[in-house]
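Asks: Letter by letter, the chains look like this.
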Amino acid sequence: MTTEMQKEREKEGVNGALTISTDASTVVLGSKMRIRGLRASFGKSEVLKGIDLDIPDKRVTAIMGPSGCGKTTFIRCLNRIHELTPGARVQGEVLLDGEDIYSPKVDAVVIRRRIGMVFQKPNPFPTMSIYDNVAAGLKLNGVKDRKLLDGVVEKSLKMAFLWDEVKDDLRKSGTALSGGQQQRLCIARAIAVEPEVLLMDEPASALDPTATAKIEEAMVELKKQYTIVIVTHNMQQAARVADNTAFFYLGELVEFGETAQLFENPAKELTERYITGKFG
Amino acid sequence: MVAAAAVAIVSLLAAIAYELTVGSKVSLERYGFSFLTGTTWDTVHQIYGAAPFIYGTLLTSALSLLIGLPISIGVAVFLVEKLKARRNEAYLIGMMIELLAAVPSVIYGLWGLFVLSPFLRVYVEDPLSKYVGFLPVFSGTPFGLDFFTAGVILAIMIIPTISAVSRNILNAVPNSQREAMYSLGATDWEVISKGILPYARSGLFGATILGLGRAVGETMAVTMVIGNAPKISASLFSPGYTLASAIANQFTETTSPLNTSALVELGLILFFVALAINVFARLLLWRMSRITNVKI
Amino acid sequence: MANVAGMMTNPGIAKRRRLINRGMSALVYAAVCLAIAPLVFVLADVAIKGASAINIDFFTKLPTPVGVSGGGIANAIVGTFIMVGIGSLISIPIGAGAGIFFSEWPESRLSIISSFMNDVLAEFPSIVIGIFVFILVVLATGTFSALAGGISLAIIMIPIVARTTEESLKLVPRSLREAAMALGISRWKTVLRIVISTGKAGLFTGILLAVARAAGETAPLLLTSLGNTFYASSLMQPTAAMPLLIYTYGISPFPDWQAKAWGAALVLILIMLALNLLVKLTIGRRFANQRAEI
Chain S
1 MTTEMQKERE KEGVNGALTI STDASTVVLG SKMRIRGLRA SFGKSEVLKG
51 IDLDIPDKRV TAIMGPSGCG KTTFIRCLNR IHELTPGARV QGEVLLDGED
101 IYSPKVDAVV IRRRIGMVFQ KPNPFPTMSI YDNVAAGLKL NGVKDRKLLD
151 GVVEKSLKMA FLWDEVKDDL RKSGTALSGG QQQRLCIARA IAVEPEVLLM
201 DEPASALDPT ATAKIEEAMV ELKKQYTIVI VTHNMQQAAR VADNTAFFYL
251 GELVEFGETA QLFENPAKEL TERYITGKFG
Chain P
281 MVAAAAVAIV SLLAAIAYEL TVGSKVSLER YGFSFLTGTT WDTVHQIYGA
331 APFIYGTLLT SALSLLIGLP ISIGVAVFLV EKLKARRNEA YLIGMMIELL
381 AAVPSVIYGL WGLFVLSPFL RVYVEDPLSK YVGFLPVFSG TPFGLDFFTA
431 GVILAIMIIP TISAVSRNIL NAVPNSQREA MYSLGATDWE VISKGILPYA
481 RSGLFGATIL GLGRAVGETM AVTMVIGNAP KISASLFSPG YTLASAIANQ
531 FTETTSPLNT SALVELGLIL FFVALAINVF ARLLLWRMSR ITNVKI
Chain V
577 MANVAGMMTN PGIAKRRRLI NRGMSALVYA AVCLAIAPLV FVLADVAIKG
627 ASAINIDFFT KLPTPVGVSG GGIANAIVGT FIMVGIGSLI SIPIGAGAGI
677 FFSEWPESRL SIISSFMNDV LAEFPSIVIG IFVFILVVLA TGTFSALAGG
727 ISLAIIMIPI VARTTEESLK LVPRSLREAA MALGISRWKT VLRIVISTGK
777 AGLFTGILLA VARAAGETAP LLLTSLGNTF YASSLMQPTA AMPLLIYTYG
827 ISPFPDWQAK AWGAALVLIL IMLALNLLVK LTIGRRFANQ RAEI
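Residue numbers (my numbering), protein chains in the order written: chain S, 1 to 280; chain P, 281 to 576; chain V, 577 to 870.
FYI, nobody ran anything at the bench for these hints, they're computed from the structure. Glycine included, C-beta positions come from ideal geometry on N, C-alpha and C. One or more of the hints may lead you astray.
To be verified - Calculated pairs, EDC-like style, for lysine to aspartate or glutamate (alpha carbon to alpha carbon, straight line, at most 16 Å):
#, chain 1, residue 1, chain 2, residue 2
1, V, Lys591, S, Asp107
2, V, Lys591, P, Glu459
3, S, Lys155, S, Glu165
4, P, Lys474, S, Glu165
5, S, Lys223, S, Asp243
6, S, Lys121, P, Glu459
What the hints assert, rightly or not - A few chain S positions that, by computed beta-carbon distances, are all more than 10 Å from chain V:
#, residue
7, Glu46
8, Lys49
9, Gly87
10, Leu140
11, Thr210
Said to hold, decoys possible - Residues from chain P that face chain V, not an exhaustive set, calculated with beta carbons under 7 Å:
#, residue
12, Val290
13, Val324
14, Ile327
15, Ala331
16, Ile334
17, Leu338
18, Pro384
19, Leu390
20, Ala452
21, Ala509
22, Ile512
23, Asn529
24, Phe531
25, Glu533
26, Ile549
27, Leu550
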């Protein structure tokens, strides 16, 4: 490693989360998103008090913390959904590939396609079939060609590990599926528009263990193509799927690092107390 | 004791049906079902048929929905989607729409007669007649007191009904549906047209039917601007009659028991039409409130 | 799939979607303007045209014959008061009673059916109610009368009173009822003393709204009280009413009668506005949304 490359890495890493292997095949990991000084509030109450964080590209980053710590608000700021709530305000910078998504020159509509979201409770469109649900985003963006749509729908459902279960009847209503299947449908719908980042807000918290396992299986495949940020309160889940984990408490980022490192050897006392179950 | 009051209401509706049927006996016996298709209404020669009035009711109601429905949905969309955070503005506009509903029908009729009708004749009917008067729907010389003006005034009167109910329905659509659409990269309008409106469609349909029910039963405003002539004409500029306006206009000047009975039978027809429409609308709204778990 | 992503970032499509979004926004604003405009014009026209007809005589004198200027609509004002009064006397006990029943015994089958019928009755064409009362009262008594008019107004008022009573009683928290009954107070006394006194404001506004509606009704009165150019000397005679006068004078070919019609319209609108204002003040903004459909 040359000193220049080292300086490059030091510039990029704010919280030292970038794993750098020291053998010959060094891999420089960039950050897909960089958050600087993010503050968010609902009316008078401030939920996020200044977050600085780098989200590594093509990795799974978990956001954890006790309820009320601001983790859901955090990811909703990343795809500009937070501001849709009346009275909500956002300050600070969120850089996607170096460009601030909150800049007035940027169209929120475009950002929301590039950064997709899967919600805690599955929310397929009840008036649409499985096929139409997955194709919904594509049609919005002007894709009309039938064969193209068929291809993308199939590919997205396969990546969400749902294809085999629904391929015989794509005309069925989106809500005629089980909870776990609906959630995988929502994942397929989100990735059909080819986002670069996929945000997941406790995607498996409403599901049983088998369904959860399927979702986690999908995530492992998905991270090959997308950067994933997942909010979870389940430490075992974070340990299973996340490469890196951030620990939030009361609207502040307490610690960020490699998941294994964070769980076995947390640097901050607060983190340790959370992990050992002393609160939250 | 309070149960008796509840019983009173049910029996009231039944009593109305009964009395109307009894009152129409003479006419029912005379004409049977052909009353519904008879196109002549002649009080001098004592020939009666309900067709012109059924036609007028249908035509004016349809016209009122054509004009009033888009406006009502627009108002509801505005209040729920555009004014999400601005409670005060939403309250003000909502109150003004409510005030529209509080104005008595006869005052709409007075205004329609002296203000709206001449206005429509000069600025809408005359130009239409001049440029597209060859079309049967715009044929004839417009006088201002016709199906068209009646349709417009009915539209004004049903807007508060449809928009108030629609507003409740749109409010009941869960936010998760909006967020799902937004996160696919949809514009505000796309969220509304592809996410919210389809979700709410059965409720909105119910609101429309409720508005239709109101249009069908409106009497005074219609009778003052429709011209009161028992004609069936394709032209919107022709004077006409509706079931309700005929009763209001003629009831106290009947020429014979058959005349009276025929008018009562018009009332009977109106009773069943209004009943069917209102029951249907209520069922649709009840179904929507079960889907979303919100009282509508 | 490179071409899919490429299609989606096509600037032409993005621009079109933005334009459509803005266009539909404009249409929605236009819809609101179109909806509110008639209200503005109606109120303005009534105020302007009606103001010139109003003076002290308007409220105190009887109508003069055609062509003779002056005179007023005193008989119509009195007539409206009388018939709305009769209507209230009949409809308040029945409507409130039914409303209490719907609210306190909501699971009974009678309650469900009657409540549904009540909603249907509320939207019913009032002319049909006019025919009903005509047959029932006018034919039976042989005369048009204030009584018949009052009864027809009562039928129109009952659903309004019942619905608002039910809704405002439902707002009284369940815990209040349970606490009272746990103290051993009987169900009936609970309802009477505790629930009703808490929901008083709602009951009052329901009555106000029903009165406002009844004061403006014309169609049923056409068939039941008919109208009168003088004061009626008893309740069993044809009686004048403001909306009736607006109609008959409005469609007449005489300018001085038409002017009186506008004047009466102004008085009626002012009464309506006053009543609605009273309602808003009583129940406050919190419950304002409930009034939307009446």
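Asks: With reference to the structure, classify each hint as holding or not holding.
Replies: Verification of the hints:
1. A threshold of 16 Å between alpha carbons decides the hint, and for lysine 591 of chain V with aspartate 107 of chain S the separation of about 11 Å falls inside it, so the pair holds.
2. For the proposed pair lysine 591 of chain V and glutamate 459 of chain P, the alpha carbon gap of about 22 Å is over 16 Å, so the pair is violated.
3. Our distance criterion of 16 Å between C-alpha atoms is met by lysine 155 of chain S and glutamate 165 of chain S, whose separation comes to about 14 Å.
4. With a CA separation close to 27 Å, the supplied pair lysine 474 of chain P and glutamate 165 of chain S exceeds the 16 Å bound.
5. A C-alpha spacing of about 10 Å is found between lysine 223 of chain S and aspartate 243 of chain S, which places the hinted pair at or below 16 Å, so the restraint holds.
6. For a cut-off of 16 Å, the pair hint linking lysine 121 of chain S to glutamate 459 of chain P stands: about 12 Å separates their Cα positions.
7. Every CB of chain V lies more than 10 Å from the CB of glutamate 46 of chain S, the least distance being 28 Å, so the non-interface label holds.
8. Look at lysine 49 of chain S: its CB is around 34 Å from the nearest CB on chain V, clear of 10 Å, so calling it non-interface holds up.
9. For glycine 87 of chain S, the shortest C-beta to C-beta distance to chain V comes to about 18 Å, beyond the 10 Å cut-off, and the non-interface label holds.
10. In this structure leucine 140 of chain S is not separated from chain V by more than 10 Å, as the shortest Cβ-Cβ distance comes to only about 8 Å.
11. In this structure threonine 210 of chain S is separated from chain V by more than 10 Å, as the shortest Cβ-Cβ distance comes to about 31 Å.
12. Evaluation of the valine 290 of chain P hint against chain V yields a held restraint, the C-beta minimum of about 5 Å falling below 7 Å.
13. At its closest, the beta carbon of valine 324 of chain P sits 22 Å from a beta carbon of chain V; the interface hint therefore is violated under the 7 Å criterion.
14. Below 7 Å, beta-carbon pairs count as interface contacts, and isoleucine 327 of chain P has none with chain V, the closest being about 21 Å; its hint is therefore violated.
15. Interface hint at alanine 331 of chain P: violated, since its Cβ lies 19 Å from the closest Cβ of chain V, which is beyond the 7 Å cut-off.
16. The restraint placing isoleucine 334 of chain P at the interface with chain V is violated, with a minimum CB-CB distance near 14 Å, outside the 7 Å limit.
17. Interface restraint check for leucine 338 of chain P: the shortest CB-CB distance to chain V comes to about 15 Å, outside 7 Å, so the restraint is violated.
18. Interface restraint check for proline 384 of chain P: the shortest CB-CB distance to chain V comes to about 3 Å, inside 7 Å, so the restraint holds.
19. The interface hint given for leucine 390 of chain P holds, since its Cβ lies 5 Å from the closest Cβ of chain V, which is under the 7 Å cut-off.
20. Hint status for alanine 452 of chain P: violated, given a least beta-carbon distance of 13 Å to chain V, over 7 Å.
21. Nearest Cβ of chain V to the Cβ of alanine 509 of chain P: about 15 Å, over the 7 Å cut. The hint is violated.
22. Here the hint on isoleucine 512 of chain P is broken, as its CB sits about 21 Å from the closest CB of chain V, past 7 Å.
23. The closest approach between the C-beta of asparagine 529 of chain P and any C-beta of chain V is roughly 9 Å, which is over the 7 Å cut-off, so the hint fails.
24. Hint status for phenylalanine 531 of chain P: holds, given a least beta-carbon distance of 5 Å to chain V, under 7 Å.
25. At its closest, the beta carbon of glutamate 533 of chain P sits 11 Å from a beta carbon of chain V; the interface hint therefore is violated under the 7 Å criterion.
26. Interface restraint check: isoleucine 549 of chain P against chain V, minimum CB-CB distance 10 Å, threshold 7 Å, status violated.
27. The beta carbon of leucine 550 of chain P is positioned within 7 Å of a beta carbon in chain V (closest approach about 6 Å), and the interface hint is therefore held.
Consistency note: the structure conflicts with the earlier hints numbered 2, 4, 10, 13, 14, 15, 16, 17, 20, 21, 22, 23, 25, 26.
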